[in-house]
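Novice: Letter by letter, the chains look like this.
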Amino acid sequence: MAKTLTIVVVEEDRDRAIAIVDALKDACACEVFVIGNASGLARKIAAHAPDIVLIDIDNPTRDMMEELTLASGPLERPVAMFVSGAAGGLAQTAIEAGVSAYVVDGLAPARIKPVMDTAIARFAMVRQMRNELAETRRALEERKVIDRAKGLLMKAKGIDEDAAYALLRKTAMDQGRRVADVAEALVTASGLLG
Amino acid sequence: MKQVTVPVAYMPLVDAAPLIIAQEMGFAEAEGIALDLIAAPSWSSVRDMLAFGRVDAAHMLSPVPVAMAMGLGGMSTALSAVSVLSVNGNVIGVGKPLEARLRDTGYGFDFADPVRAAEALAGVRDGPIVFGVPFPFSMHVELLRYWSRATALGADGIEIRTVPPPLMAKALAAGDVDAFCVGEPWGSVAVEDGAGALMLPGCAIWSFAPEKVLAVRTAWAETEPDLTGRLMRATWRAGRWLAAPEVRTTASELLSRKAYLDVSPELIDRALSGHLTVSARGEQRRVERFVEFHSGAASFPWRSQARWIAQQLRRSHGASARHDPDAVAHVFRTDLHRMHLGSVGTDLPGASEKVEGAIRHATPVASAGGGLTLLPNRFFDARIFDPNAE
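Listed in order, the protein sequences are those of chains A and B. Read in the working numbering, the first sequence has 76 at position 76, and its numbers run on one by one without any break. Read in the working numbering, the second sequence has 320 at position 320, and its numbers run on one by one without any break.
For reference, chain B alone in the conformation it holds in the complex:
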């Protein structure tokens, strides 16, 4: 098999692991491809590189391809999310002034209870709390909005501003933002720098939130089905490799390299192990499935996930969003996922949509191989999202 180089854009984050591991641990090579991994300076840059053909695939925020299909954000190349690269993995935190006020009220930074966290914040604010997020179209924004709407914070109780994570500490210090929602390692970096404390993991709001996807141009997936398949299998195998606890040290070391995340392996290990240090006082909290790359068919791009994202985006952007729920749902390519991953020993679900938020405990479901168990999938307020009831 002749080796083909596939240029892939990514943001240096812990959840870029499936791409970095695919290249470093030989999963790409086994598929006859080499990933030319290009670290991008911004999410807009990742999107533009993919849309303009500078790269053929990208590590992307799951709402971006959905937003583009809805005509939001001024860029309209058709993109396909062929796999989910990671589930969960964000943290919500506050800057020092808010941390101090919360501590004065006796708030214990349990890093677990979203209702309690919202009440605590609502109790100490003067006006709307300004949250910094990495990008206007992101799971970060959707989780914050969902959380504020359903709690004491209230929909108008927060404001959301885009701040690139490397500048978040500065923005907190300058008072441009009061709090933040970011992906790891940036939450842990904020704690290490003494810029603030962590209040919640993203999974406390939605326990199975599709965070990053493997995105390609829809036209490219059509003209290069073979390469698309090889890329998907390589990242899927990397995700499976990452699921084994004994590889964590190796994974942290690889990701920490200067060419990739360029932060200490110990910081990366916090996210991979789910053992987070939430404040400069060294308080530690443990989170089940802080970030998930494999278990529970994590890579499967459920159309119902795309529909949930679309519903949230319509709520925020209303009139300017194009409304064609079926077309938008098909941005998450369950068809390509089945076509290209059916052969590698993945156990794929029989359905392409599910009721989001309706799995209380790990549940066996109908699947091609008969051995698939879906992981808990719950919104903190126990609401469910039925894709057929739209």
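With the rest of the complex left out, here is chain A:
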């Protein structure tokens, strides 16, 4: 059997890191190290001599990793951004899921794939949760604005809530805009007119 893979995960959030490590250990025979603090990142990674390094694509410390891709860098074996050859499609999926992988030169694609599949699934899940949270916040914010706009209309025109909402919706449809945008414009305008 081939040597156990050594994987380094760069992640500051402890809970996320644990979730990723657990998933990776279930997926393949590997040793996983987590680096949480970005200080001296490239040297810390080099000390583990990993086969694969995984890092969130939104992590600004990613640029520190780029030193690993240089022949003169701190690792003995050069590392490539995970993009080459048959794995190209997988790399694209990885980027979309929000994970970038650095893989040591010459590692067989068959050994990379299970790691990447797991990492992609795990990072995609985290990303989706983050997006859903942002979406929920935004919806809540819009709901507040629409309520204020309805209130303004009810007061100004002496109509009830349903009629106010119908008016907002009709205006939005006529102008080809979103109800929330029309509501926001109304609230802003009324603020200006004081």
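Hints were generated in silico from the structure; no laboratory data involved. By construction, the Cβ of each residue, glycine as well, lies at the ideal position given by its N, Cα and C atoms. Don't take every hint at face value.
As the list claims (entries may be wrong) - Here are the in silico distance ranges between beta carbons for each label pair:
#1 B/Ala244 x A/Gly194: 44 to 50 Å
#2 B/His275 x A/Ala27: 54 to 60 Å
#3 B/Arg281 x A/Met129: 43 to 49 Å
#4 A/Ala110 x B/Gly71: 23 to 29 Å
#5 A/Thr4 x B/Lys96: 43 to 49 Å
#6 B/Ala366 x A/Asp117: 31 to 37 Å
#7 A/Gly191 x B/Asp193: 47 to 53 Å
#8 B/Asp126 x A/Ala27: 46 to 52 Å
#9 B/Pro166 x A/Leu193: 55 to 61 Å
#10 A/Ala163 x B/Asp193: 52 to 58 Å
#11 A/Met125 x B/Ala34: 40 to 46 Å
#12 B/Pro166 x A/Ala163: 46 to 52 Å
Model the placement of chain B on the given structure of chain A, informed by the hints.
Specialist: This is chain B only, laid out in the frame that chain A set:
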């Protein structure tokens, strides 16, 4: 004209101004495009977004497309630098411990003399001075190497490490780095945070250094020539707009917005005006052409600039770099620049290469419109780089 949205990645820096201004001041709209500006968390991310097609254009460090064409850095999509977005604009600074030692020797932080600055640093160091830079392929690295090689610092007298600018203050405090070379506003942020003092503007080393380029995938420029042209004209007009001193306040305000740089307009104005505060003591220094977006055909992507960058990269990365000087020079697309900007009243130079470092004073040159003056282009050690002598 139907409006098309073009996704563009950028790093939140003062020199992203031509893209932000193109969108905010209507230059993009006038070309029938809307720029969907996506702030990136890292330069690797900017590069990946462009290479993988998440965006169609990007604000990019000028050496990145050159390095990629040389097979350096593990990513190999062919990119084209269609315009230079900005010339100059970096600062070199030191952390507090070095600042204190320099002051003890009577160094005055003149923010002007690279030879004197190097002597001062060489005089107070214990070992190699570790400089933090934003990215391994950057004008920051090339200027530092060029400067150290030709001065008392010496090629082995410095070490260069990548540290994302937002983390630079932390890295200085932790002693991971002693000094730094960054783009604005990060130098001024370091001064404001009391993290260090500024020693030199980048232009003190090379007075006309191509800093950021507008990069697109070469394949995209071929399949979308019309959009490429519209994008280039919009950013060129934004650069021309930025060149007028009276717009500075407006430009600083726009850039300072939360969606863009999210720092105070006063910090941004320092770079745009060339009036920099170099230390926590409030010492002020004035620099001619600290950052240039327009004058002297600033947007023109000279092939000789690409050759200079390639020569420096070969020096540092030697054996691992692919060596085909002509192919690398053509990453800077003078051809597309002429094709798409010939019609907008730009005065473009007649040549596509020039001897870099050979212009002592502003000099009129042969151009399509006959009214082009090139700005001083000098290396501090008065060496010249002749692209034909390679």
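Novice: Within 43 to 49 Å or not, the Cβ separation of B/Arg281 and A/Met129?
Specialist: Given range 43 to 49 Å: holds, Cβ gap about 48 Å.
Novice: Given the hint of 52 to 58 Å, check if A/Ala163 and B/Asp193 actually sit that far apart at their C-beta atoms.
Specialist: 55 Å, holds
Novice: Cβ-Cβ distance between B/Ala366 and A/Asp117: within 31 to 37 Å?
Specialist: Violated, since B/Ala366 and A/Asp117 (Cβ atoms, about 59 Å apart) do not stay within the stated range.
Novice: Taking 46 to 52 Å as the stated bounds, is the beta-carbon spacing between B/Pro166 and A/Ala163 within them?
Specialist: Given range 46 to 52 Å: holds, Cβ gap about 51 Å.
Novice: Could one say that the CB atoms of B/Asp126 and A/Ala27 fall in the range 46 to 52 Å?
Specialist: Because 48 Å falls inside the window, the suggested range holds.
Novice: For the range 40 to 46 Å, tell me whether the beta carbons of A/Met125 and B/Ala34 fit it or not.
Specialist: 32 Å, violated
Novice: Quick check: does the Cβ-Cβ distance between A/Gly191 and B/Asp193 fall within 47 to 53 Å?
Specialist: 36 Å, violated
Novice: Taking the CB of B/His275 and the CB of A/Ala27, does the distance hold inside 54 to 60 Å?
Specialist: With Cβ atoms ~57 Å apart, the hint holds.
Novice: Using the beta carbons of B/Pro166 and A/Leu193, state whether their distance is inside 55 to 61 Å or not.
Specialist: At roughly 41 Å between Cβ atoms, A/Leu193 and B/Pro166 fall outside 55 to 61 Å, so the hint is violated.
Novice: Do A/Thr4 and B/Lys96 keep their Cβ atoms within the hinted range of 43 to 49 Å?
Specialist: 45 Å, holds
Novice: Is 44 to 50 Å right for how far apart the beta carbons of B/Ala244 and A/Gly194 are?
Specialist: Distance hint for B/Ala244, A/Gly194 is violated at roughly 36 Å.
Novice: Determine whether the Cβ-Cβ distance between A/Ala110 and B/Gly71 falls within the hinted range of 23 to 29 Å.
Specialist: 26 Å, holds
Comparing the model with each numbered hint stated earlier shows that hints 1, 6, 7, 9, 11 do not hold.
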